[in-house]
Structure formats: structure tokens, C-alpha cells
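Visitor: Chains A and B, in that order, are what the protein sequence lines are. Every letter in the first sequence is one number past the one before it in the working numbering, and letter 214, counting from 1, is 214. Every letter in the second sequence is one number past the one before it in the working numbering, and letter 244, counting from 1, is 244.
Don't read these hints as lab results, they were simulated from the structure. Just so we're clear, the structure is a prediction, and the values are computed from it rather than from any experiment. Ideal Cβ placement from N, Cα and C applies to all residues, glycine included. Honestly, I wouldn't trust all of these hints.
[What the hints assert, rightly or not] A short list of chain B residues far from chain A (calculated; beta carbon distances all over 12 angstroms):
#, residue
1, 118
2, 136
3, 138
4, 139
5, 142
6, 143
7, 169
8, 234
[To be verified] Listed below are the simulated SDA-like cross-link pairs for lysine to any residue, each with C-alpha atoms no more than 20 angstroms apart in a straight line:
#, chain 1, residue 1, chain 2, residue 2
9, B, 78, A, 144
10, A, 78, B, 78
11, B, 78, A, 225
12, A, 225, A, 147
13, B, 78, A, 93
14, A, 78, B, 149
15, B, 96, B, 126
16, B, 78, A, 151
17, A, 78, B, 150
18, A, 217, A, 144
[Stated by the list, open to error] Here are the computed distance ranges between Cβ atoms for each label pair:
#, chain 1, residue 1, chain 2, residue 2, range
19, B, 50, A, 124, 35 to 43 angstroms
20, B, 234, A, 254, 56 to 64 angstroms
21, A, 224, B, 116, 29 to 37 angstroms
There are 2 protein chains.
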Amino acid sequence: MKVSVIGASGFIGQHTVRELLLQGHHVKAISRNGLNFSDKNLESFKIDVYDCSEEDLHLIAQADALIFLTWPHLSNFKAVEHLTETLPQTINVLEKLIRYGIDNIVFTGTCLEYGLVEGAISPNTPTAPTTPYGLAKDTLRRYLEHHPSLRYLKWGRIFYVYGKGQSKTSLLPQLRRAIHAKETVFRMSKGDQQRDFVEVETVAKRLVSLAELKTTKITNIGSGKPLTVKEFVEMEIKRQNSPIKLDLGFYDYPDYEPMRFWAK
Amino acid sequence: MKVSVIGASGFIGQHTVRELLLQGHHVKAISRNGLNFSDKNLESFKIDVYDCSEEDLHLIAQADALIFLTWPHLSNFKAVEHLTETLPQTINVLEKLIRYGIDNIVFTGTCLEYGLVEGAISPNTPTAPTTPYGLAKDTLRRYLEHHPSLRYLKWGRIFYVYGKGQSKTSLLPQLRRAIHAKETVFRMSKGDQQRDFVEVETVAKRLVSLAELKTTKITNIGSGKPLTVKEFVEMEIKRQNSPIKLDLGFYDYPDYEPMRFWAK
Numbered sequence: 001m002k003v004s005v006i007g008a009s010g011f012i013g014q015h016t017v018r019e020l021l022l023q024g025h026h027v028k029a030i031s032r033n034g035l036n037f038s039d040k041n042l043e044s045f046k047i048d049v050y051d052c053s054e055e056d057l058h059l060i061a062q063a064d065a066l067i068f069l070t071w072p073h074l075s076n077f078k079a080v081e082h083l084t085e086t087l088p089q090t091i092n093v094l095e096k097l098i099r100y101g102i103d104n105i106v107f108t109g110t111c112l113e114y115g116l117v118e119g120a121i122s123p124n125t126p127t128a129p130t131t132p133y134g135l136a137k138d139t140l141r142r143y144l145e146h147h148p149s150l151r152y153l154k155w156g157r158i159f160y161v162y163g164k165g166q167s168k169t170s171l172l173p174q175l176r177r178a179i180h181a182k183e184t185v186f187r188m189s190k191g192d193q194q195r196d197f198v199e200v201e202t203v204a205k206r207l208v209s210l211a212e213l214k215t216t217k218i219t220n221i222g223s224g225k226p227l228t229v230k231e232f233v234e235m236e237i238k239r240q241n242s243p244i245k246l247d248l249g250f251y252d253y254p255d256y257e258p259m260r261f262w263a264k
Numbered sequence: 001m002k003v004s005v006i007g008a009s010g011f012i013g014q015h016t017v018r019e020l021l022l023q024g025h026h027v028k029a030i031s032r033n034g035l036n037f038s039d040k041n042l043e044s045f046k047i048d049v050y051d052c053s054e055e056d057l058h059l060i061a062q063a064d065a066l067i068f069l070t071w072p073h074l075s076n077f078k079a080v081e082h083l084t085e086t087l088p089q090t091i092n093v094l095e096k097l098i099r100y101g102i103d104n105i106v107f108t109g110t111c112l113e114y115g116l117v118e119g120a121i122s123p124n125t126p127t128a129p130t131t132p133y134g135l136a137k138d139t140l141r142r143y144l145e146h147h148p149s150l151r152y153l154k155w156g157r158i159f160y161v162y163g164k165g166q167s168k169t170s171l172l173p174q175l176r177r178a179i180h181a182k183e184t185v186f187r188m189s190k191g192d193q194q195r196d197f198v199e200v201e202t203v204a205k206r207l208v209s210l211a212e213l214k215t216t217k218i219t220n221i222g223s224g225k226p227l228t229v230k231e232f233v234e235m236e237i238k239r240q241n242s243p244i245k246l247d248l249g250f251y252d253y254p255d256y257e258p259m260r261f262w263a264k
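Chain A with its partners taken away, still in its complex shape:
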């Protein structure tokens, strides 16, 4: 099928485009900066969906499915702009894309929609976000669920995704940088929080399956297995056979995350 991917050059976007091509789909890759690879089934368009022409939106809407991966302000989950800028902008773009013909949307939600709920979390767990980021995504989902012209909404709540192309400010790239720079100590939180770390390839596969699905579905995208942050970090240190020591407890726990939670 023909799939438009918004945010195609991002971390999850690049993996998703490759997985779509692998599964034999035709891809319209939408991003501000374009892609650095090509394929006979890939069309790449430099478009900022928040600031583009109606023609661009018509072009994006000519597809069997849309995977929407863009979301600004990701560096600060507590920024009010998630609610006052990104949410209205995203609704306005989606309204037009739906009006121009898209009836099948995959959107990436977040485990932060659940707020401070602990343990194995099923997709039916009532959402209770405590951050503007989690609240904005949850509000978008509640809006789209009742949209009269959207036929299939697939909402995937992503847990702690990691892998190639991840933001340099994330935990694993920071650790790898420190190991590569032969630093002796890596500063982190106490590290006994249990998280659900999921590889970006797994996320991409799940998103592609969701795009192919002809039904409405809310789901979690995680590994389903809890791991402490410390265990996750130690696995990488062992894998690289590095002598780096951990300065556990240097940073506080984030106040917007529960101590232990993972996807069910």
C-alpha cells in the first residue's frame, strides 16, 4: 500500500521508512530536511507540515495510510507549549489531511499518558498524565477517537525506545559518548527505576503492522519486560567491555515517572 510518513527523517521515522520498504510498501517520506537514502519505492518530500501549502497537504493525503511521527518540544515534557502550540497545530494539520482523504492514521502516543501508574500497564488502563506532553497526546487521542470522518485510528503508546539515530541527549548515546571519550565515571540517577526499554527496530515493525491494520486500536509499544535503568546501562558497559564506573544517585529521579512500569 501507499503510506505517507510525517517526520520521516527523525529517529523513529527513518527506521519506519526502511521497514515499510522492506515490507513492500510505497512510501511518501515527509520531513523538513529530506532523507539521506533512496529507493525505487520511496518518494521524499521536504515539507514542514506545520507551515506548508494546501497542495502539500493534498499530496500527503493521497495515501492509503498515514504514520504521524512529528512532535516538537520533545526536550521538555513539562513545556506548556505541548498544549498551547503543538496540540492545536497538530489538530489543524490532521483536520485538513482527513478532509483531503486520509481515513487511516497511525499516531505515536507515549507511556507518559499513563502518568504515575505502576506495574504492568495494559492499553485499557485509564490515562492520567501529569505532564503537558502526556496530556496533549492523550487529548489528541480522545479527540481523534470521536472524529466522525476518521475510519481507522491506530494509537501506539511508545515506551523507552532506544537505538541507532537516537537523540544525543538520551541515556544510551550519553553513555556511549562517555565510554568513547574514556571518561572514568558516568553520572546518572540511582538507576533502580524499572522501565520498559524497546529497540527502535521493534517500534518500526509495530508501526508498520499498525498501518496495515484495518481497525481502530489503542496499543502499547514496548518490550513487555521491565529492566532497571542500572541493568540497562550495565548491559551496554559489559557489551563494550568498558571500565567506566557509575555515579549512582547523582541525578534525582524525574518526578513525572512512576518507579516501575512496563507495557502489557
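Take the given structure of chain A and dock chain B to it, following the hints.
Guide: Just chain B now, kept in the frame of chain A:
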């Protein structure tokens, strides 16, 4: 205490200002058009909070409590602008008012936050709005509940308010107009939906009590008694001793309301 009322010249606003004065409070009445009455404890300011100066916002924020009653687009609960315009505008205004000193806010929610839940609804019932209007108010409440600088949030979900000064397009004013014009037939829905009709004076009293309350509270503002729409209409016809007949079933039921629900 000193109370700022935003939306002071509106239907609920006028009654709330009078009730505040009756209870001995000092009132800063904020509205676009001003008030048509005066009082020694009443200061009236013509301000559009969505388009005003920082000085105006400072003036509003110099108060012990804020009762916020403005909300545009009320004629269409399904308008997406509740989410894309009113919600972000309202958050931006509230952010500034909180920054300038307000820590005690009464905000009027809506029974539409509950969506299609039937029966006696307690304030603890999980919200499930199906309209952009209900969703925008519910999202604002969830945002304010986690606001680090807001001390007291009082959230009152108003049911079917009626009374003096109500919009001419509402049920009771329409009926009164028809009776006054000596029309023979009044067109309405089947009328067997059970609603919670509450007098605006009761709503005003409840809002003033909430302003005085020094705690965070989510509550319903209704009569607590179900009444069918037909019974409600017939009471007014009887009161006016009018010979008008009802054309029941002329209009469909609204699709965003449950068949029977009332405040608990």
C-alpha cells in the same frame, strides 16, 4: 475577600457578581462590555482577557480568588476551535494570572465532560467527553490539577442551567418567546430525555461558596434531580397558563448527550 470575575457581564457572570456582593465580597468585574449596575463594592473593567495588556492581567490577578466564566464558541459544542483556539488561549491567560499572583481559581466545567455516561453521576466518575467542548474543558482541568503554582482549584461541572439573562437560543427563552408570540405549536425533541435543570441563582451561590473554599475540589453543580425535558417545558406552560401545544419529536435527540443523567 476580593474576587475577580472574568465574564462578569454574561448569563452566569451577572448572577455571580450580585451573589458575591450580597455575601459582602469586593468584586472586580471583568467583561468586554461592562456591567449595567453599580455598587460600592463593585469595580467594573472593560477588558477582553484574550486580547489585553499585561497591566490589565496584573490588575485582575490582584485578588484573593478568581472566578473564570468566559468561554467562546458556546453555540457549537462540536466546533474544533474549543481545542485549537479557546483551550490554548485560556491556558495562556491563566498561566499569566497565576504568575502574577492568583493561586485560587474557580472554573466552570461542564456535564459534557462525562460524555455518554448515564444515571446519577458523581464528580469521581471517569470523564469521557465526546465533544471538542467537553474535551477542551476536561483537558484544562487535568492541566490545572497538576499546575505547580496553583494552590486551590475549584472545578464546578455545570448541568442544564436556566434563568434570567439566558441566551435567547436556549430552550426556555425559545418557549417563552413562542408563548408570548401566541404561537399555537412549540417544536422540540421527543422530550423524554432526563436532564438536571438547575436555576442560575443556585449556580451563582455554589460558585461563590467555591471561591470561599480553601481547598482543591472537583464538584457537580446541578439540582441533583432528574426531570424530563417534556416535564420541564410543561411546567413553564402551566405556570404561564398557555394553550400552546407541543410538537414532540420534531427535532432529533442530540447525539452527544446520554438519555438520562443528573448530578450526584
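Visitor: Run through the hints listed earlier and report the numbers of any the structure violates, in increasing order.
Guide: Failing hints, ascending: 2, 3, 4, 5, 6, 10, 11, 12 and 15.
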